[in-house]
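Two chains, two separate frames, one set of hints: put the complex together.
Going down the list, the protein sequences come from chains A and B. Using our numbering, you'd call the opening residue of the first sequence number 1 and step up by one each time. Using our numbering, you'd call the opening residue of the second sequence number 182 and step up by one each time.
To be clear, the hints were calculated from the coordinates, so they are not data collected in a lab. One should not assume that every hint holds.
[Unchecked claim] Here are the simulated lysine to aspartate or glutamate pairs, EDC-like style, with alpha carbons at most 20 Å apart:
| hint | chain 1 | residue 1 | chain 2 | residue 2 |
| --- | --- | --- | --- | --- |
| 1 | A | K166 | B | D217 |
| 2 | B | K269 | B | D190 |
| 3 | A | K166 | A | D90 |
| 4 | A | K43 | A | E153 |
| 5 | A | K166 | B | D190 |
| 6 | A | K43 | B | E255 |
| 7 | A | K65 | B | E255 |
| 8 | A | K65 | A | E53 |
| 9 | A | K136 | A | D148 |
| 10 | A | K65 | B | D248 |
| 11 | A | K166 | A | E99 |
| 12 | A | K43 | B | E239 |
| 13 | A | K65 | A | D9 |
| 14 | B | K269 | A | D104 |
| 15 | A | K166 | A | E153 |
| 16 | A | K65 | A | D19 |
| 17 | B | K269 | B | D217 |
| 18 | A | K43 | A | D135 |
| 19 | A | K43 | A | D148 |
| 20 | A | K166 | A | E115 |
| 21 | A | K65 | A | E99 |
| 22 | B | K269 | A | E99 |
| 23 | A | K136 | B | D238 |
| 24 | A | K65 | A | E110 |
| 25 | A | K166 | B | D218 |
| 26 | A | K136 | A | E157 |
| 27 | A | K166 | A | D112 |
| 28 | B | K269 | B | D368 |
| 29 | B | K269 | B | D283 |
| 30 | A | K166 | A | D19 |
Spelled out from the first residue to the last, the chains are:
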Amino acid sequence: MTTDESQTDWTALVFRVRDHQDRAAFAALFRHFAPRVKGFLMKSGAGATVAEECAQDVMATLWQKAYQFDPERASVATWVFTIARNRRIDMLRKSLRPEPENLDWGPDSEPDQAEIYEAQQETQRLGRALAVLPDKQRALIERAYYGDLSHSEIAAETGLPLGTIKSRIRLALDRLRQEMT
Amino acid sequence: MTIRHHISDTVLMAYAAGDLAEAFNLMVATHVSMCDDCRAQLAAFEAVGGAVIECEDEAAMSGSALDATLARIEMMPQATARARSRAKGILPAPLVDYVGADLASVGWTSLGAGVRQAILPTDRRATARLLYIPAGARMPDHGHRGLEMTLVLQGAFADQNDRFGPGDVEFADEGMEHTPVAEAGEDCICLAVTDAPLRFNRILPRLVQGWFRI
Numbered sequence: 001m002t003t004d005e006s007q008t009d010w011t012a013l014v015f016r017v018r019d020h021q022d023r024a025a026f027a028a029l030f031r032h033f034a035p036r037v038k039g040f041l042m043k044s045g046a047g048a049t050v051a052e053e054c055a056q057d058v059m060a061t062l063w064q065k066a067y068q069f070d071p072e073r074a075s076v077a078t079w080v081f082t083i084a085r086n087r088r089i090d091m092l093r094k095s096l097r098p099e100p101e102n103l104d105w106g107p108d109s110e111p112d113q114a115e116i117y118e119a120q121q122e123t124q125r126l127g128r129a130l131a132v133l134p135d136k137q138r139a140l141i142e143r144a145y146y147g148d149l150s151h152s153e154i155a156a157e158t159g160l161p162l163g164t165i166k167s168r169i170r171l172a173l174d175r176l177r178q179e180m181t
Numbered sequence: 182m183t184i185r186h187h188i189s190d191t192v193l194m195a196y197a198a199g200d201l202a203e204a205f206n207l208m209v210a211t212h213v214s215m216c217d218d219c220r221a222q223l224a225a226f227e228a229v230g231g232a233v234i235e236c237e238d239e240a241a242m243s244g245s246a247l248d249a250t251l252a253r254i255e256m257m258p259q260a261t262a263r264a265r266s267r268a269k270g271i272l273p274a275p276l277v278d279y280v281g282a283d284l285a286s287v288g289w290t291s292l293g294a295g296v297r298q299a300i301l302p303t304d305r306r307a308t309a310r311l312l313y314i315p316a317g318a319r320m321p322d323h324g325h326r327g328l329e330m331t332l333v334l335q336g337a338f339a340d341q342n343d344r345f346g347p348g349d350v351e352f353a354d355e356g357m358e359h360t361p362v363a364e365a366g367e368d369c370i371c372l373a374v375t376d377a378p379l380r381f382n383r384i385l386p387r388l389v390q391g392w393f394r395i
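For reference, chain B alone in the conformation it holds in the complex (with noise of 0.2 Å):
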């Protein structure tokens, strides 16, 4: 797959520092399982991490550290790999484990004109969805409060500014309106992460808001 629309050196480096809510950390670890590009550029910003660890003033550890340390290392169980999860299907080894399974594990719930969400279990300082938009349909009309992450997993949406296929992240900011359409041919399926709210432009779905935490 060809990804044109990539997680910004912002993002990246924050997740690298792990200053994200966990919602975004996911947005940005499912992201790099599909992107070299991103995966080759997180690691130098751990690099930069290395870099100040090695820099960073000595803070002295006690006399009986080491020693303590070594106490430690005794009483821990021996470690064992920890089997990680692999992509299944369209999904990402990081959305494996918050979907519990694969795609036909989802518990969608309707939002109206075939369109579905799943919400995923994240912390509360940012909320995670998939999202299930059939081919040639549109999401609803809304503006945005805070930031929003839409990654494509299947098919494929375009709004007015841009096409976005598999792999690729849109990137929507305070005060942008705008109307995703999904292509036709493949039903679009897509990972969403914002830090606020959406708010929509029409009466319906303002009232399906609270219901549904969209």
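The shape of chain A in the complex, shown without the other chains (with noise of 0.2 Å):
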């Protein structure tokens, strides 16, 4: 492990995890999100208790689920946000959260690395940018994904470069639709 970890292939580290169930990769992945889900989960207003004991479970939904983990759609960071967000909303919220239809992606879509790539580094772009913006609109968008706000609160305008991650998802979704037709 180096000690920069901006440069760290976190896709890998779930691969392994996912192929050969290695302990050593899913430590990595633990050290660098499990802090980071559990200060999450604090600032949606669980207690360190139980937020720790949160932080275990979504880790171990990402050892338990990595199969599910698609590195051309989401970045690592992205997938655990998703893991973090249903976690809390099981357990603080008691709400319901239907998900979207299943795309069915076929089984011969070889992950494409340049895609991976691309996901990747948006995430990377995307916390550049989000670091950068004045104090009270980042608190704003933060405080919204920590669930403090009602839709109507919310300022959907963040001012971070989203068009670029929908653009890239679009055309991938044409790309199967054709596939499929």
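Printed below as a string of structure tokens:
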């Protein structure tokens, strides 16, 4: 493990967990993501004990559902966020959140390295863009994701570069629809 | 299908963040199942969540947390891919889960003049229902106390402002008065979600309101 985590290939680590039940790879993912998930859950209103418990749960889910991770659609951080969000909803809100119909990307969809790289880079870029937003604006976005705002308080005009992500996914969906017809 | 009326960014972001009541979650999940544009935009808003996690201040885990988690993993049953619902006819997968099977299994309640509704089981912070409006029929004149979203599943309707076909979502706000009319030709079936009871402008529907939770 290098100390500079910004260059770590989280996707490769998730694949090592998925394919080889690799505990060292899992430990590296755990050291990076578990404290962040715990921090995230505490800002969502969980006490330290509950947040610790839930963060362990989120990381265990990452192991268990590693086969579901699709690195062309989302970065590891984004995937971890969705697991943490669902755990928070289960635990703190007790409200159901139905998911959209699952798209069948097909058994032959060999992961495209360029797409995978792009998806991981997007999170890095978004992270940097988030970090340089004015404090007030960043706080508003974070509070929305902590579950702290009602939808009428949400400012969807984030000032973040979301257009590129939308276009990339949209193109992938177009390709999928063409294959399906 | 060409969808012209989409879920607003605000509501998509709230769904990505996990901030909505169940009935609105169902609305978003159903529309996204029909609309690749909103599916892509939703992925972008989920990526913001990823960036929030990535930038999050770390809260130290206890010294034994990793071992405890590995022990927990040992105890977990083998993950089995849960069979996820597929669309049935005009019902996208998320609605199939709420209706139970297909359109034929919906337990409709008559609202008069051929208009029918079926309330779907969600938590009480908001209400979701299916509406059945015969071709050419009008919905009772009503205003809104809260937010209402109506998604067309079959047929089409028009109000004073616009026309809504399959996949389109109409967004109606506080104070807006409108009288949607189903287009001639095909009966119109919609998913409608409100965070407050509707207010009807005529005496009879007002009485009915208490009975039917419309």
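- Quickly compare the C-alpha distance for K43 (chain A) and D135 (chain A) to 20 Å and report which way the hint goes. The given pair, whose Cα atoms are some 16 Å apart, holds under the 20 Å limit.
- Message: For K65 (chain A) and E99 (chain A), compute the direct alpha-carbon distance and say whether it is at most 20 Å.
- Response: Within the cut-off at roughly 16 Å; holds.
- Going straight from one Cα to the other, do K43 (chain A) and E239 (chain B) come out at no more than 20 Å? 11 Å, holds
- Item | Agreement of K166 (chain A) and E153 (chain A) with the hint, judged by alpha carbon distance not exceeding 20 Å | Violated. K166 (chain A) to E153 (chain A) sits at ~23 Å, over the 20 Å cutoff.
- Task: Would you mind confirming whether the straight-line C-alpha gap from K43 (chain A) to E255 (chain B) stays at or under 20 Å?
- Result: Roughly 30 Å separates the two Cα atoms, so the pair is violated.
- Message: Hint check: K65 (chain A) vs E53 (chain A), CA-CA at most 20 Å. Holds or violated?
- Response: With a Cα-Cα distance of about 18 Å, the restraint between K65 (chain A) and E53 (chain A) holds, given a limit of 20 Å.
- Within a Cα-Cα threshold of 20 Å, do K166 (chain A) and E115 (chain A) meet the stated pairing? 13 Å, holds
- Hey, K269 (chain B) versus D283 (chain B), does the alpha-carbon distance stay inside 20 Å? Cα-Cα ~6 Å, so holds.
- Message: Tell me if the straight-line CA distance from K166 (chain A) to D90 (chain A) falls inside 20 Å.
- Response: 28 Å, violated
- Are the Cα atoms of K166 (chain A) and D218 (chain B) separated by 20 Å or less? Satisfied, since the Cα-Cα distance of roughly 8 Å is no more than 20 Å.
- Hint consistency between K43 (chain A) and E153 (chain A) [alpha-carbon to alpha-carbon, up to 20 Å]: 18 Å, holds
- Query: Between K43 (chain A) and D148 (chain A), does the CA-CA distance stay at or below 20 Å?
  - Reply: The given pair, whose Cα atoms are some 9 Å apart, holds under the 20 Å limit.
Against the hints set out earlier in the document, violations occur for numbers 2, 3, 6, 15 and 30.
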